[in-house]
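As you go down the protein sequences, you meet chains A and B in turn. Mapping the first sequence onto the working numbering, position 24 (from 1) lands on 24, and the numbers just tick up by one. Take any residue in the second sequence, note its place counting from 1, add 259, and you have its number in the working numbering.
None of these hints come from the bench; they were simulated from the model. Please read these numbers as outputs of a predicted model, since none were measured by experiment. Fair warning: there could be bad hints in the mix.
Unchecked claim - Computed, partial: chain A to chain B, Cβ under 10 Å:
#1 ARG66
#2 ASN106
#3 LEU125
To be verified - Residues from chain A that keep clear of chain B, each with C-beta distances beyond 12 Å, as calculated:
#4 LYS79
#5 GLN103
#6 ASP223
#7 LEU259
Backbone N, C-alpha and C define an ideal beta-carbon position, used for all residues, glycine too.
Listed here are the chains, written in short residue letters.
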Amino acid sequence: MSAVAAIEPMIKADAIRKNYGRLEVLKGIDLQVQQGEVVCLIGPSGSGKSTLLRCINHLETLDAGRMWVDGAVMGYDLKGSKLHEQSHARICRSRVEIGMVFQHFNLFPHMTVLENLIEAPRLVLREKRSVATQRALKLLESVGLGDKAKAYPRQLSGGQQQRVAIARALCMKPKVMLFDEPTSALDPELVGEVLKVMKDLAATGMTMVVVTHEMNFARDVADRVVFMDDGHVVEQGPAAEVIGNPQHERTRAFLASVL
Amino acid sequence: MSVLTEPRETAVAPDDYTIVKAKHPGRWISAAVIVFVAILLLRSVMTNPNFGWGTVGMYLRDVSIVRGIGITLELTVICMAIGIVLGVVLAVMRIAANPVVRTAAFAYVNFFRGTPVLVQLLFWYNLAALYPSISFGIPGLDLDANRIITPMTAAILGLGLNQAAYMSEIVRAGILSVEHGQSEAAGALGINRLQTMRRIILPQAMRVIIPPTGNETIGMLKTTALVSVISVPELLYSSQIIYARNFETIPLLMVASIWYIVVTSILSIGQYYLERHYAKGGQRSLPPTPWQQLKRIVRVHAPLTSKGAIK
Numbered sequence: 001m002s003a004v005a006a007i008e009p010m011i012k013a014d015a016i017r018k019n020y021g022r023l024e025v026l027k028g029i030d031l032q033v034q035q036g037e038v039v040c041l042i043g044p045s046g047s048g049k050s051t052l053l054r055c056i057n058h059l060e061t062l063d064a065g066r067m068w069v070d071g072a073v074m075g076y077d078l079k080g081s082k083l084h085e086q087s088h089a090r091i092c093r094s095r096v097e098i099g100m101v102f103q104h105f106n107l108f109p110h111m112t113v114l115e116n117l118i119e120a121p122r123l124v125l126r127e128k129r130s131v132a133t134q135r136a137l138k139l140l141e142s143v144g145l146g147d148k149a150k151a152y153p154r155q156l157s158g159g160q161q162q163r164v165a166i167a168r169a170l171c172m173k174p175k176v177m178l179f180d181e182p183t184s185a186l187d188p189e190l191v192g193e194v195l196k197v198m199k200d201l202a203a204t205g206m207t208m209v210v211v212t213h214e215m216n217f218a219r220d221v222a223d224r225v226v227f228m229d230d231g232h233v234v235e236q237g238p239a240a241e242v243i244g245n246p247q248h249e250r251t252r253a254f255l256a257s258v259l
Numbered sequence: 260m261s262v263l264t265e266p267r268e269t270a271v272a273p274d275d276y277t278i279v280k281a282k283h284p285g286r287w288i289s290a291a292v293i294v295f296v297a298i299l300l301l302r303s304v305m306t307n308p309n310f311g312w313g314t315v316g317m318y319l320r321d322v323s324i325v326r327g328i329g330i331t332l333e334l335t336v337i338c339m340a341i342g343i344v345l346g347v348v349l350a351v352m353r354i355a356a357n358p359v360v361r362t363a364a365f366a367y368v369n370f371f372r373g374t375p376v377l378v379q380l381l382f383w384y385n386l387a388a389l390y391p392s393i394s395f396g397i398p399g400l401d402l403d404a405n406r407i408i409t410p411m412t413a414a415i416l417g418l419g420l421n422q423a424a425y426m427s428e429i430v431r432a433g434i435l436s437v438e439h440g441q442s443e444a445a446g447a448l449g450i451n452r453l454q455t456m457r458r459i460i461l462p463q464a465m466r467v468i469i470p471p472t473g474n475e476t477i478g479m480l481k482t483t484a485l486v487s488v489i490s491v492p493e494l495l496y497s498s499q500i501i502y503a504r505n506f507e508t509i510p511l512l513m514v515a516s517i518w519y520i521v522v523t524s525i526l527s528i529g530q531y532y533l534e535r536h537y538a539k540g541g542q543r544s545l546p547p548t549p550w551q552q553l554k555r556i557v558r559v560h561a562p563l564t565s566k567g568a569i570k
């Protein structure tokens, strides 16, 4: 037990608060994600789970609290008790470690699949085209799209686009992968192919935080499920326990409505 | 008894039905009225001796007229180039995080859009009255405004800087048309703001930017006629010089108009195909070209065969 406790968590949210104007979206969130852990965030819409996810890579700024990723405070330099805002360029550099997959894929429509994958490695990691291409093609192969390198996003199905988006994020060799409702915009019959890729990724030991409504995926793949409601973490624990035997009334009500 | 009864007339085989097109008498009447008015108009243009068609023919390819077209085209190209480059810079400034930068861009656009371009041209032309010597604040530099600001530079500055204000609004609309998710995805990949703008946002904004830019180019070609007031020998001014000598005012204005129409028509065709090109990928199938539409109108319809294909 002491050996485990000594390992710094990959992500540590520390009393995170976030407002949109007068609306308080996150009301003091504490959360830890260990290296190699797969955590699913579940909860009703408006509960703040997507906002929390976006705070991890600083797509949203915080109003209070600190977000630690891989031992450093995200978006700020911690000097004594003061958090100094980092420049946008610095934040971009920290984001290299954190891959993100969006609900609506957000592939670059004017680029081919391969160009989508190698754009950031070339611009940000300053890799040679040949090096990036080699890794990109291998990743496309691993998500089952080895033959689509020259296709444009519009020519692909939603499921294929989302698999490209996952490969694009992985092409930056991230330490953490964030998924923001990755299957919510997909036709039902395409959900499975995306979940399979995510399952394979989890099996490689990738640290993953997944906002999802797929309870079966959460039960099968997640090490831990976190139930959020109204800006609070209501309940968390092993997937089987939270989904199979929820302790809190609100969790029970939510699960009853989605299962 | 079944509800669905057999059709009573069974003499016609299913394949032998033909479609009789609806008659549109209203269309024929309106077409006839328009053709009648057009003939009247054409007749008056042909028979009115004041148009001086003989003189028009004589001056259509006059050396100074052709030289004037050259200057008109030169002005159009240079001023649009200035307008587009400066317009992109202003558009990016308009959406910058720094409020001073934003306000400066807004002030620029507001000033140049808010004053008539003719007044701006006169201002540039008379710059020497405002600043007899130009130093740009650099000690030792002392340029004579009268020598730098020739009619041509005044025209380029006036039209180019004014165009930049309009182009910046077009470019800004293009940038805003790109989904916010695109810059978010780029940001999540660690791509910085400048690279995101250059590699992700602007290429996608082009589809929105290109059509109105074509429109502006055609507009610019005609607006260059304004610089005749500061005696730049472009197409209109060249015609004016000739009719000041021979008093054939109308025929020479016709000469200028014909050339403006010819050049803008060529530009319109170019714009049409450029838009078609940038529409690719955005639509499943492209609208037909005028030539394809013409072919569709004159195509003879045959009754549908059993295979449903049009013979």
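Right, here's what the structure says about each hint:
no., hint, result
1, ARG66, "violated (20 Å)"
2, ASN106, "holds (4 Å)"
3, LEU125, "holds (8 Å)"
4, LYS79, "holds (23 Å)"
5, GLN103, "violated (9 Å)"
6, ASP223, "holds (24 Å)"
7, LEU259, "holds (30 Å)"
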